[in-house]
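Novice: These protein sequences, in sequence, are chains A and B. Be aware that the first sequence starts at 0, since it is given in numbering that gives the first Met the number 0, and climbs by one per residue. Be aware that the second sequence starts at 0, since it is given in numbering that gives the first Met the number 0, and climbs by one per residue.
Calculated directly from the structure, the hints in this document are not laboratory data. Check each hint, because a few of them may be wrong.
[Said to hold, decoys possible] Pulled a few chain A residues facing chain B out of the computed Cβ check, cut under 10 Å:
{"id": "1", "residue": "D100"}
{"id": "2", "residue": "G102"}
{"id": "3", "residue": "P231"}
{"id": "4", "residue": "A241"}
{"id": "5", "residue": "G263"}
{"id": "6", "residue": "L328"}
[Stated by the list, open to error] Stretches of chain A that chain B covers, calculated by requiring three or more beta carbons in the stretch to come under 8 Å of a beta carbon on chain B:
{"id": "7", "region": "294–302"}
{"id": "8", "region": "334–345"}
[Claimed, not checked] Far from chain A, some chain B residues (derived; all Cβ distances over 10 Å):
{"id": "9", "residue": "K3"}
{"id": "10", "residue": "G17"}
{"id": "11", "residue": "N47"}
{"id": "12", "residue": "A48"}
{"id": "13", "residue": "A67"}
{"id": "14", "residue": "A69"}
{"id": "15", "residue": "S72"}
{"id": "16", "residue": "M89"}
{"id": "17", "residue": "G91"}
Backbone N, C-alpha and C fix where the C-beta goes; we use that ideal spot for every residue, glycine too.
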Amino acid sequence: MDAHGERLLAQYRERLPRLEELRSRVEGLIGHALQQQGVDVSSLESRIKTEHSLAGKLERKGSKYSDIGDITDLLGVRVITFYTDDVDKVAAMMARCFDVDWGNSVDKRKLHELDSFGYNSLHYICRLPQGTAPEELCAIPFEVQMRTVLQHLWATINHDTGYKSDVQIPRYYMRQFSRIAGMLELVDDEFSRLRTSLADYRRQMLSLVASGRLDEVELTADSWHSYLETHPFDRLNHRIAAVNQAEIFPAQLEGYLPVLRQLGMKTLGDVQRLLEQESDDAYLLAVSDLAVTDLDILSESIGLQNLCLVHVLKMGGGRAAVEYILDTLGGSGSNTALAEAILQRASTLPFMQ
Amino acid sequence: MNTKITEQNNELVAQFEGRLDTAAAPQTEKELAPLADCAGKNIVLDCNALEYISSSGLRLFLGVLKGAKAKGSHVYITGMNDDIRNVFNMTGLTNLFEFR
Numbered sequence: 000m001d002a003h004g005e006r007l008l009a010q011y012r013e014r015l016p017r018l019e020e021l022r023s024r025v026e027g028l029i030g031h032a033l034q035q036q037g038v039d040v041s042s043l044e045s046r047i048k049t050e051h052s053l054a055g056k057l058e059r060k061g062s063k064y065s066d067i068g069d070i071t072d073l074l075g076v077r078v079i080t081f082y083t084d085d086v087d088k089v090a091a092m093m094a095r096c097f098d099v100d101w102g103n104s105v106d107k108r109k110l111h112e113l114d115s116f117g118y119n120s121l122h123y124i125c126r127l128p129q130g131t132a133p134e135e136l137c138a139i140p141f142e143v144q145m146r147t148v149l150q151h152l153w154a155t156i157n158h159d160t161g162y163k164s165d166v167q168i169p170r171y172y173m174r175q176f177s178r179i180a181g182m183l184e185l186v187d188d189e190f191s192r193l194r195t196s197l198a199d200y201r202r203q204m205l206s207l208v209a210s211g212r213l214d215e216v217e218l219t220a221d222s223w224h225s226y227l228e229t230h231p232f233d234r235l236n237h238r239i240a241a242v243n244q245a246e247i248f249p250a251q252l253e254g255y256l257p258v259l260r261q262l263g264m265k266t267l268g269d270v271q272r273l274l275e276q277e278s279d280d281a282y283l284l285a286v287s288d289l290a291v292t293d294l295d296i297l298s299e300s301i302g303l304q305n306l307c308l309v310h311v312l313k314m315g316g317g318r319a320a321v322e323y324i325l326d327t328l329g330g331s332g333s334n335t336a337l338a339e340a341i342l343q344r345a346s347t348l349p350f351m352q
Numbered sequence: 000m001n002t003k004i005t006e007q008n009n010e011l012v013a014q015f016e017g018r019l020d021t022a023a024a025p026q027t028e029k030e031l032a033p034l035a036d037c038a039g040k041n042i043v044l045d046c047n048a049l050e051y052i053s054s055s056g057l058r059l060f061l062g063v064l065k066g067a068k069a070k071g072s073h074v075y076i077t078g079m080n081d082d083i084r085n086v087f088n089m090t091g092l093t094n095l096f097e098f099r
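Sequences are here, hints too, so could you generate the full structure?
Specialist: Shown next, in the form of structure tokens:
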């Protein structure tokens, strides 16, 4: 190493105690901010660059730095989130906690071409704001890396197997890394979407439960309407639709209220139990019809309709009960033959044995 | 497949005859175009002579329903045979229409 490099290493050794103090403060501040905002992260980790690692860097590009203060990653902090949305949330928190050097910060997520996939991470170069710590600490830059667990997984494996290899990695394997990066990006987005959907569902259910547990919420036009806003039958509908890759046409399910009441449902809890207990058989009944056709458009009521039919069939309601449901839902007066056909088909299914 | 639209008792009546399948759907769609002008009138889809309906046919019926609802009109289906009634039932579409 040249004399310039040796001088920077000496500055580094001198700076080490302050780096340790800075590390402790920064980790504490980030940990506190995450806790305050209720952001669960997979991990919050930090490291001070080792002398060995710094020496390697100085040997490679030491002339780039005139002073140890020019090296911005002597202290590195990494916040690993579970969700992509939280990366941006954490980034906003960092911008409030620290002075961010925007000129040297980089969002690797935005560096990719439209058709390329790879390292995704957000890197901020930060300093403690003046007045919040001794001046010599506020002068030291540090790097905060923010990424999801899956981005971290990819980066770690890619780094270990790619950059550290002493042989040239063939294009085929590099492409495999890119493909995996693309897939993980999709998975990250799906996790975020799932979390948002679950949060919506929870909010809606909680508002119902707030007025009493589902078993205590009387089945009325209002409560039925609120319950439908949680899209409780979507999963069953999509399961049925998958048989013929069918499109699902929106439908009003308010008309089912009299049917459900006739079936003895008195609370939303009763409806929820119907859904939980009869979904598999409703699916079987629907599929016994659809699987032998190429019908690829279904009403959003398909799941609920079959739940009601299964319920009356299992209760031994027979043709008259099936006909009642068909009559109530439309087409009154001419459903005798259809009810008989449904009864015949259902009689071959396991739940009727 | 034949489709005829007439006006009876201030209602627009579309009479279908034959098999409303994928092949027949484009022509039938053109023939149903006058139903878009249904303001103030209800629509009757007369299926007495309709032998078969496919997903394409169901989509045409749903298109008529959508257009009519937007104009405040009702759509009634009449004269379905057992097979067609079964198609409406197994797709859950029974719930969307009114029947006579």
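Novice: Give a verdict on every hint.
Specialist: Going through the hints against the structure:
no.	hint	verdict
1	D100	56 Å, violated
2	G102	55 Å, violated
3	P231	16 Å, violated
4	A241	15 Å, violated
5	G263	21 Å, violated
6	L328	5 Å, holds
7	294–302	holds (count 8)
8	334–345	holds (count 5)
9	K3	23 Å, holds
10	G17	19 Å, holds
11	N47	12 Å, holds
12	A48	17 Å, holds
13	A67	15 Å, holds
14	A69	14 Å, holds
15	S72	17 Å, holds
16	M89	4 Å, violated
17	G91	3 Å, violated
Hints 1, 2, 3, 4, 5, 16, 17, counting from the list given before, are not met by this structure.
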